[in-house]
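From first to last, the protein sequence lines stand for chains X and H. All residue numbers for the first sequence refer to the numbering used here, where the first residue is 1 and numbers rise by one. All residue numbers for the second sequence refer to the numbering used here, where the first residue is 1 and numbers rise by one.
Read the hints as simulated data drawn from the structure, not as lab findings. Warning: the hint list may mix true and false statements.
Unchecked claim - Per the computed footprint, the stretches of chain X lying under chain H, defined by three or more beta-carbons under 8 angstroms from a beta-carbon of chain H, are:
hint	region
1	24 to 34
2	44 to 57
3	106 to 117
Unchecked claim - Computed Cβ-Cβ distance ranges for the label pairs, DEER-style:
hint	chain 1	residue 1	chain 2	residue 2	range
4	X	Arg41	H	Arg22	19 to 29 angstroms
5	X	Arg66	H	Met39	25 to 35 angstroms
6	X	Arg41	H	Met15	19 to 29 angstroms
7	X	Arg66	H	Ser66	36 to 46 angstroms
8	X	Arg41	H	Pro81	23 to 33 angstroms
9	H	Arg22	X	Gly16	38 to 48 angstroms
10	X	Lys42	H	Pro70	26 to 36 angstroms
11	H	Glu44	X	Arg41	38 to 48 angstroms
12	X	Asp57	H	Met39	23 to 33 angstroms
13	X	Gln69	H	Glu44	15 to 25 angstroms
14	H	Glu14	X	Ser52	45 to 55 angstroms
15	X	Arg59	H	Asp71	39 to 49 angstroms
16	H	Val118	X	Ser52	47 to 57 angstroms
17	H	Thr20	X	Glu15	42 to 52 angstroms
C-beta: ideal position from N, C-alpha, C; glycine also.
The primary structure of each chain is shown beneath.
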Amino acid sequence: RKEVEQDPGPFNVPEGATVAFNCTYSNSASQSFFWYRQDCRKEPKLLMSVYSSGNEDGRFTAQLNRASQYISLLIRDSKLSDSATYLCVVNLAHRPSNSGGSNYKLTFGKGTLLTVNP
Amino acid sequence: DARVTQTPRHKVTEMGQEVTMRCQPILGHNTVFWYRQTMMQGLELLAYFRNRAPLDDSGMPKDRFSAEMPDATLATLKIQPSEPRDSAVYFCASGQNKDGRFSGNTIYFGEGSWLTVV
Chain X
1 RKEVEQDPGP
11 FNVPEGATVA
21 FNCTYSNSAS
31 QSFFWYRQDC
41 RKEPKLLMSV
51 YSSGNEDGRF
61 TAQLNRASQY
71 ISLLIRDSKL
81 SDSATYLCVV
91 NLAHRPSNSG
101 GSNYKLTFGK
111 GTLLTVNP
Chain H
1 DARVTQTPRH
11 KVTEMGQEVT
21 MRCQPILGHN
31 TVFWYRQTMM
41 QGLELLAYFR
51 NRAPLDDSGM
61 PKDRFSAEMP
71 DATLATLKIQ
81 PSEPRDSAVY
91 FCASGQNKDG
101 RFSGNTIYFG
111 EGSWLTVV
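Extracted from the complex, chain H is given alone in its bound form:
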């Protein structure tokens, strides 16, 4: 079964430390999303890429967050320096987008990276 793979699954870090989350999208998918989920805000779109090009990162705090896609098999989300309010579940999702529709009408999520900043 093809699936989106995220690492680390769980991370506890101290405030001020750098955190890097990695995502391997499903092979052949051309669109990759980073979402953050908290109880208060629900699922928020942080950034997304199509064919490795960043299309929208307006949901991301620019001063501390950065998202990149160095190649088609790897997307990264970095927080530097991390703060307690960054504690959340970070989901990566991928899909094959053609003419505005996703193949299978869906994007596929990884299991998430559960981040706690103390």
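Excised from the complex, chain X in its bound form:
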């Protein structure tokens, strides 16, 4: 099983639609969770962090279910500018470092392509 799995997509929706992306992760020791956005031929950028209690940023709502190891992103009233690839990201403790503390690495899902049509 892959460490982070997402809906394969692509999603094509009309402007104003609500769209939801889902993601599952395999390692229950994962520490923190994020959604990144990647525009065509550009680098990924942080969209929002995902907190256990769920969090909202304008039209975007992220939720985390640790018991099910499941993360979601909901986009309401979608805009043309929301067209992009959405990447689910998990921060996992890698292994204890020799100098104390833990080391963490970010693992990305393959992403889900969203196209919002006029």
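For this one, chain X is given, so just place chain H on it according to the hints.
Below, chain H without anything else, positioned relative to chain X:
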């Protein structure tokens, strides 16, 4: 605006040639990642460094790939000899990691090196 700088932006090379990609992380960041992105595999972590020490290069084909960080302002990824299957976008990213969390809850990506091996 502080940003991660990668060179070259684009590279076309013949199979068997050596390719060196360079990355200048954001000043003050203690963690540097190398990712490779393809349509089939998405973003794969190749290697990462913390305080210039290599922590994980398990995602990297050891026989032909090598990653180094000769100083805090330079990370390199070398492929020798290159093969057509190495064609991909190679992203460098940096972040400031303290106690398992990245400052700003994010890592910052460079614009990528677009490699084509023919």
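Are there hints from earlier that the structure breaks, and if so, what are their numbers? The structure conflicts with hint 11 only, although it agrees with all the remaining ones.
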